[in-house]
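Participant: Next come the chains, spelled out residue by residue.
Number of protein chains: 2
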Amino acid sequence: MATKIGIVGMGLIGGSLGLALKQRTNHTVIGIDCDSAVIDAVLSSGAADKTGVQHLNQADLVIIALSPDATVDFLNENAANLRPGTIVTDVCGVKRQIMKHCVPLCWERGLHFVGGHPMAGRERSGFANADACLFEGAYYIFTPPKGTPEHVVNLLKQVAMQIGCTGVTVTTPEHHDKMIAFTSQLPHVLAGAYVKSPNCPEHSGFSAGSYRDVSRVATVDETLWSQLFLLNKDNLCFEIDNLISNLKQYRDAVDAGNTQLIAEILSDGRGRKENFG
Amino acid sequence: MATKIGIVGMGLIGGSLGLALKQRTNHTVIGIDCDSAVIDAVLSSGAADKTGVQHLNQADLVIIALSPDATVDFLNENAANLRPGTIVTDVCGVKRQIMKHCVPLCWERGLHFVGGHPMAGRERSGFANADACLFEGAYYIFTPPKGTPEHVVNLLKQVAMQIGCTGVTVTTPEHHDKMIAFTSQLPHVLAGAYVKSPNCPEHSGFSAGSYRDVSRVATVDETLWSQLFLLNKDNLCFEIDNLISNLKQYRDAVDAGNTQLIAEILSDGRGRKENFG
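Heads up: the protein sequence lines correspond to chains A and B, in order.
Residues 3 to 279 in our numbering are what the first sequence lists, from first letter to last.
Residues 3 to 279 in our numbering are what the second sequence lists, from first letter to last.
If we strip away everything but chain A, and leave its shape as in the complex, we get:
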């Protein structure tokens, strides 16, 4: 069934959603962005059929693809203009704080808010880096509040699969934030901490895949990610502390020259990677 989908914020994620929806489905896309140059690019590349916030009252589904602060601000200002029954979702990398603000805000206006997080990204942001294939092979996580009607979650799942996702995970905001601190936030912390080695400036000619892999996401957007880190402070601090304590195990075994202990620690790591994938 063709649906009218509003996308608010045509950056990397919103822009990729627009491109994927227009290239892979027959849904109508209303693309919103506060930057008129972005809107020009969106319309000329076919990432949306039309633009203008006044069209959002026609939408069956509104995907807010903004940072956490801006997501809440947008809903505060625009929820009253959406049709009751409209499904609203976000794409933020944290879910507890988003749900806390957006669920009641939507509820009182008869809108269905479901937290969303497509597990896809690039080292660079903005519509210029948007890609219709961004979601290929990715999981899309949804955190519906209790009592969300089945058709709401089903529509979101369907759209996620239509844009190329490999699977959908439905979970609580609490579990999402705990897992994301490990799978996404910690690697972003790590990448930055890693390239701060005094030997990093000379890596060229001495580095290969391992350097590239660990350092890749150090180009993170600091304005967005400082927000995301703070909104998941407890889980992120737990993961950093845990990693530091694990690193100390290796350090102490190497420093003590204990070959057998090093081999055991390495073997434990290998076993986990083999088991957990």
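Incorrect hints may have been included.
The list makes no distinction among identical chains, and a pair is therefore deemed to hold if it is satisfied within one copy or across any two copies.
Listed next, the in silico DSBU-like pairs over lysine-lysine satisfying Cα-Cα at most 35 Å (straight line) [claimed, not checked]: (1) K198 to K250; (2) K235 to K250; (3) K235 to K198; (4) K159 to K102; (5) K159 to K250; (6) K198 to K6.
None of these hints come from the bench; they were simulated from the model.
Keeping the supplied structure of chain A fixed, place chain B upon it in accordance with the hints.
Facilitator: Relative to chain A, chain B alone:
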């Protein structure tokens, strides 16, 4: 000019060297391995022209593709059977200890020993994972002792480029070991430390490229890598300590809820990645 090249140890690196040399050059390859099943596979896949340690006295170049301990043991037992003037190199991931043992051992028999380290690898070892394209895009690092004749280094550089390397780095064993602790050993420590998070078993459905990248080399061979870590203890401990101290910066800024400080720390990391590549 066609050269006779002996490869001792037809595992991932030795096997890939054999395949690359036979597919891309007209050099003759003598492949040596203590496992007769591996030798059968080597000969049937065309990774060597012939086998048998007795042929090594015809070689112009012998590449020992074994672990550090086994490299020194092999030279102790076989250096006397090589022709004076033969160039000998290894592929170990550490260079100070290798040079310390192998240079005098070769010198007294009229052999030219040059430390070597092709910056290529895979998550899995053994000839079954060997690949003629393994060295494509990789750097090959050489650590020639002082006084090494120019033709020796030139032949090694030529072979490195012939097997597909993107460049050759010539440096001291000290500088090699310092850089490799950062570019290669630390990411291997990190991968193992990372997958030891109590949340790792549940990552499926919540993970994407960042998880894959950081955890990739956790499948490290513990027997080889515990040796490599110990032979580079000072540099590796320095890098782990440095990383822990950098991670603490992020942790403390997040824990303090200091958005500006987090953004500054992230921005510093981004700047370094953008500058250093």
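Participant: Determine which of the earlier numbered hints do not hold for this structure and return their numbers in increasing order.
Facilitator: 5 and 6
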